[in-house]
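Guided by the hints, dock chain P onto chain Y, whose structure is given.
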Amino acid sequence: MHGKRHAGESEDHGIDLAPMLDFVMNLLIFFIITTSFVREPGVVVNKAEALKVGEQQQGNILIAIRPNGEVWMDRRQVDMREVRPLIERMHLERPEDTVIIIADKKAPSGTLALVMDEVKHGGVKEVAIGAASAAGK
Amino acid sequence: MRLRRHFDMEESTGIDLAPMLDFVMNLLIFFIITAVFVKEVGFQVQRHGGGAGGPSTGKDTGSISVVVKASGDVIVDGRVVDVRAVRPNIVRLHAQQPEWGVMVTAEKMAEAGLLVQVMDQIRQGGVENISFGTSSR
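First to last, the protein sequences are chains Y and P.
For the first sequence, our numbering begins at 1 and goes up steadily by one.
For the second sequence, our numbering begins at 1 and goes up steadily by one.
Just chain Y, with the same shape it has in the complex (with noise of 0.2 Å):
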């Protein structure tokens, strides 16, 4: 009786929860180092390919410019004046952060002047303009 008890004790406790804990952790570890909180633009747009592109290394803050103008940052259409005071928000609350701006193949040239502009008067230097890689095709 008290043996048969014993053991429904131990049942009560279940399996033994450490390694399981272990390789959580682990997972959650890996996950925490390569998370980066992208700001996306919420917006596809189809970019221009280029051969020689390097990878972004802090490319966290992106811009997309639609072919017909139109500037999407952080997941909703912006006005080019309200571009700068975002940049200089997203600048204070995360310094390391750099700008792509991802502009259409169709896209003025004149925009994507303007954008930069703005977001190099943000605060932000670090301007990259982003392209599909066509090495791979």
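Be careful, since some hints might not be right.
Unchecked claim - Label pairs and their calculated CB-CB ranges: (1) Y:Asp-74 / P:Leu-27: 19 to 29 Å; (2) P:Gln-124 / Y:Pro-67: 21 to 31 Å; (3) Y:Glu-40 / P:Val-80: 14 to 24 Å; (4) Y:Arg-94 / P:Ser-136: 30 to 40 Å; (5) P:Leu-17 / Y:Arg-76: 41 to 51 Å; (6) P:Asp-16 / Y:Leu-51: 55 to 65 Å; (7) Y:Gly-123 / P:Gln-97: 31 to 41 Å; (8) P:Ile-33 / Y:Val-44: 16 to 26 Å.
Stated by the list, open to error - Reference listing, derived: stretches of chain Y covered by chain P, where coverage requires no fewer than 3 residues with Cβ under 8 Å from a Cβ of chain P: (9) 23–36; (10) 95–106.
FYI, nobody ran anything at the bench for these hints, they're computed from the structure.
Using N, Cα and C, we set each Cβ at its ideal position, and we do this for glycine too.
What follows is chain P alone, placed relative to chain Y:
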């Protein structure tokens, strides 16, 4: 004696890991759903204003001029060339003046796709110091 042994076994099982596992699991799920594995690729360019100041090559050096017109024409060093011919031209000019950068001037309505192609060609030609600006037209 038996009671004591039972107590010892309890001690060796350690603390209850289940609440900690719940918490860690929640964290894990959070990081999984926020993880973004898309690495944006692109390249960095400098920016020069309308006419004032070329690439940061130095005070007394010039720069190779590349103009991208809205009509789709590409002018390298005063001559209209094909997009695919930009690279050999840049290689030649770069060999003549190795310390010069390239100044890409685009018309405001020029397509960004063409602009990216031209910049890609310049980078393939071995010049990383690209400055980008727009002409007033």
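How the hints compare with the structure:
1. Y:Asp-74 / P:Leu-27: 19 to 29 Å: With a Cβ separation near 25 Å, Asp-74 of chain Y and Leu-27 of chain P satisfy 19 to 29 Å, so the hint holds.
2. P:Gln-124 / Y:Pro-67: 21 to 31 Å: holds, 26 Å
3. Y:Glu-40 / P:Val-80: 14 to 24 Å: violated, 39 Å
4. Y:Arg-94 / P:Ser-136: 30 to 40 Å: Since Arg-94 of chain Y and Ser-136 of chain P have Cβ atoms about 36 Å apart, the given range 30 to 40 Å holds.
5. P:Leu-17 / Y:Arg-76: 41 to 51 Å: holds, 43 Å
6. P:Asp-16 / Y:Leu-51: 55 to 65 Å: The hint (55 to 65 Å, Cβ to Cβ) holds, given that Asp-16 of chain P and Leu-51 of chain Y are roughly 58 Å apart.
7. Y:Gly-123 / P:Gln-97: 31 to 41 Å: holds, 34 Å
8. P:Ile-33 / Y:Val-44: 16 to 26 Å: holds, 21 Å
9. 23–36: holds (count 9)
10. 95–106: holds (count 6)
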